[in-house]
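Enquirer: Whole structure, please, built from the sequences with the hints as guidance.
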Amino acid sequence: MEGMTGLIAIFFSAIFTNNILLTNYLGMCSFLGVSKEVKTSMGLGAAVIFVMTTTSVLNWLVYYHILVPLNLENFRFIVFIIVIAAFVQIVEMIIERVSEPLYNALGIFLPLITVNCAILGVSLFMLIREYTFAESFFYGIGSGIGWFLAILAMAGIRQNMKRSKIPKGLEGAGITLIIAGIMALAFMGFSGVLNIQ
Amino acid sequence: MAAGKTKKQFIMSAGKDNPVFAQILGICSTLAVTNVVENTVVMCLGVIFVLACSNFTVSLIRKWIPGSIRMMVETLIIAAFVIIVDVVIQATLPGVSRQLGPFVGLIITNCIIMGRAEAYALNNPPLPSFIDGIASGVGYSYVLLIIAVFREITGSATFWGYDIPWFSDWWTNWSIMVMAPGAFFALAILIWIIKTYVVPEDPGGK
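Chains A and B are the protein sequences, given in the same order.
Everything in the first sequence is counted per my numbering, starting at 1 for the first residue and increasing by one.
Everything in the second sequence is counted per my numbering, starting at 198 for the first residue and increasing by one.
Be aware that a few hints might be false.
[As the list claims (entries may be wrong)] Sample of chain B residues with no beta-carbon within 10 Å of chain A, all distances over it, derived:
hint, residue
1, TRP261
2, VAL335
3, PRO362
4, LYS392
[Unchecked claim] Cut-off 30 Å, straight-line C-alpha distance, at most; resulting in silico cross-link-like pairs (DSS-like, lysine-lysine):
hint, chain 1, residue 1, chain 2, residue 2
5, B, LYS205, B, LYS260
6, B, LYS204, A, LYS162
7, A, LYS36, B, LYS392
8, A, LYS168, B, LYS392
9, B, LYS205, A, LYS168
10, B, LYS204, B, LYS392
11, A, LYS165, B, LYS392
12, A, LYS168, A, LYS39
Calculated from the structure, these hints are not laboratory results.
Keep in mind that this is a model prediction, so the values were computed, not measured.
Each residue gets a CB set at the ideal place from its N, CA and C atoms; glycine is no exception.
Expert: This is how it looks when you write it as structure tokens:
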């Protein structure tokens, strides 16, 4: 994969064929917790797209320009977590100062994001697949959009299911997992179209 | 601490308050690593180790952690133990390490570990916290193992990578069980069974 086509392929396969949530199961906790309403899940999804893109780029720079020259690759987990947490904190402060409505929309979701495994997962996948700088950027933004799509679809379905009759033992998490399974099946339909790596 | 109380607490954490199906925590790795039993066992040992050690450490220094940055401190402690696990797995089991990929690192963001540190270790002395860590880890592990055994047997008709006599010959692999949707269905069905039959009748049991 060379040049622009490779980047576009990574972008779309991160959204569809290798959806971070439905094929790699990352970010499940907030996916199950926050997907009750379309509005809140949109807020969280938007925050995830933003943070995922920027942290994957930041972590790429930190890893290849600071950790590798110093032979500190084994400390990558700690460093990545610090980068993500610090970045989220800074963004929260900036948004609070700059834009009141944006803070009201995204603010409460930002602290949740630090512990969203999808964010750290994207940074770790990007290292394992040995992406270049541009590829990491497209992978980050694609994964973010993929996560956003998945949680939005789930919230839409759950909102419409409020009055349906569900077997008692399946209420809450159980039925959400089954819907997620069906969604994963649907997304598997894309799998022949593009391939990552 | 009396032995009876410790035992009771152990059963509580591993059974009724089970992190996976009572609190729906730590789902990410539950689903990701459970298509092969061997990987699951390695992952479980890693989680138990990290959970017990981080609980112990957080509890030791709980009086000196300033409230406002406690999350950060906890995350760093957890990350330090995860690095140990990662290095050990890489050195001893390179094959498994390659298959687990980023999921060893993702133990850091496994909500169970953070959750136990917040809910238990911050308010209790080191030794009970250590035991609580092991108990939660065991509770987490047996759920993972049930799912892994089910998925490996139905999905690839093997157990621990070996063929099962009298079974592998005629069984048609449900290849969907090894892939993503199978994981969701398996966990949902397990939660359903447990919520319907086990928890209401026998609280505190397994």
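Enquirer: Next step is simple, just say for each hint if it's right about the structure.
Expert: So, going through the hints one by one against the coordinates:
{"no.": "1", "hint": "TRP261", "result": "holds (20 Å)"}
{"no.": "2", "hint": "VAL335", "result": "holds (21 Å)"}
{"no.": "3", "hint": "PRO362", "result": "holds (31 Å)"}
{"no.": "4", "hint": "LYS392", "result": "violated (4 Å)"}
{"no.": "5", "hint": "LYS205/B / LYS260/B", "result": "holds (26 Å)"}
{"no.": "6", "hint": "LYS204/B / LYS162/A", "result": "violated (41 Å)"}
{"no.": "7", "hint": "LYS36/A / LYS392/B", "result": "holds (21 Å)"}
{"no.": "8", "hint": "LYS168/A / LYS392/B", "result": "holds (8 Å)"}
{"no.": "9", "hint": "LYS205/B / LYS168/A", "result": "holds (29 Å)"}
{"no.": "10", "hint": "LYS204/B / LYS392/B", "result": "holds (24 Å)"}
{"no.": "11", "hint": "LYS165/A / LYS392/B", "result": "holds (17 Å)"}
{"no.": "12", "hint": "LYS168/A / LYS39/A", "result": "holds (27 Å)"}
Checked against the numbered hints given earlier, this structure breaks hints 4 and 6; the rest are met.
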